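Trainee: Sequence:
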Amino acid sequence: MAKFKLDEIDHQILDMLIDNTRIPFTDIAKKLLISAGTVHVRVKKMEEAGIIQGSSLTLDYKKLGYSFIAYVGVFLQNTSQTKFVLERIESIPYVTVAHITTGKFNIFCKIRAKNTMHAKEIIFMLDDIDGVYRTETMISLEESINDKKRLMHTIFNEL
Numbered sequence: 001m002a003k004f005k006l007d008e009i010d011h012q013i014l015d016m017l018i019d020n021t022r023i024p025f026t027d028i029a030k031k032l033l034i035s036a037g038t039v040h041v042r043v044k045k046m047e048e049a050g051i052i053q054g055s056s057l058t059l060d061y062k063k064l065g066y067s068f069i070a071y072v073g074v075f076l077q078n079t080s081q082t083k084f085v086l087e088r089i090e091s092i093p094y095v096t097v098a099h100i101t102t103g104k105f106n107i108f109c110k111i112r113a114k115n116t117m118h119a120k121e122i123i124f125m126l127d128d129i130d131g132v133y134r135t136e137t138m139i140s141l142e143e144s145i146n147d148k149k150r151l152m153h154t155i156f157n158e159l
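By UniProt numbering, the letter at position 76 of the sequence shown is numbered 76, and the numbering carries on one by one without gaps.
Hints are not guaranteed to be accurate.
Capping the alpha-carbon separation at 20 Å, the derived lysine-lysine pairs in PhoX-like fashion look like this [unchecked claim]:
# : residue 1 : residue 2
1 : Lys-104   : Lys-62
2 : Lys-62    : Lys-83
3 : Lys-120   : Lys-62
For each label pair, taking beta carbons as the anchor points, the in silico distance ranges come out as [said to hold, decoys possible]:
# : residue 1 : residue 2 : range
4 : His-40    : Met-125   : 30 to 36 Å
5 : Arg-134   : Phe-4     : 42 to 48 Å
6 : Ser-140   : Phe-4     : 18 to 24 Å
If you are wondering where the hints come from, they were derived from the structure by calculation, not from laboratory data.
Given the structure is predicted, the values throughout are model-derived calculations rather than measurements.
Just so you know, even glycine gets a beta-carbon here, dropped at the ideal spot from N, CA and C.
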């Protein structure tokens, strides 16, 4: 597959979408002095090239009652069980992120819970998965930085 080449207009469109994924194409067009159809066509091409992969919704988990965050390192009995264990982890909706890792843990997860009791239940769910040897949990005291926008802007400025 050929590498998709972004021009200055594409960069400007992406910059605006990074800041607000819900911005109307007509607003982007007005700011860039191009037609809304041009914006639509360019966004569609970037989607087809896989540069844009949907859009995201950011929730305030505290307001929804899920303010407790913990990170759980999962130790496996055998690394050959990784795929099986990940499939089971994926069925636990409170596990919002899972990475296969090198180093101390085989899998590293982020969980969101209502409180410590709820977190304990989630951790026990992870512990009960066949192939999990043990887990190690770190409680997040505060999520201080959670900003993908800065990285996205940096990446597009470097292109």
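Trainee: All hints, please: hold or fail.
Mentor: Here is what the structure says about each hint:
1. Lys-104 x Lys-62: The hint is violated at about 30 Å.
2. Lys-62 x Lys-83: Violated. Lys-62 to Lys-83 sits at ~32 Å, over the 20 Å cutoff.
3. Lys-120 x Lys-62: Holds, at about 18 Å.
4. His-40 x Met-125: 30 to 36 Å: violated, 44 Å
5. Arg-134 x Phe-4: 42 to 48 Å: holds, 44 Å
6. Ser-140 x Phe-4: 18 to 24 Å: Violated, at about 37 Å.
The structure fails hints 1, 2, 4, 6 (numbered hints given earlier, in ascending order).
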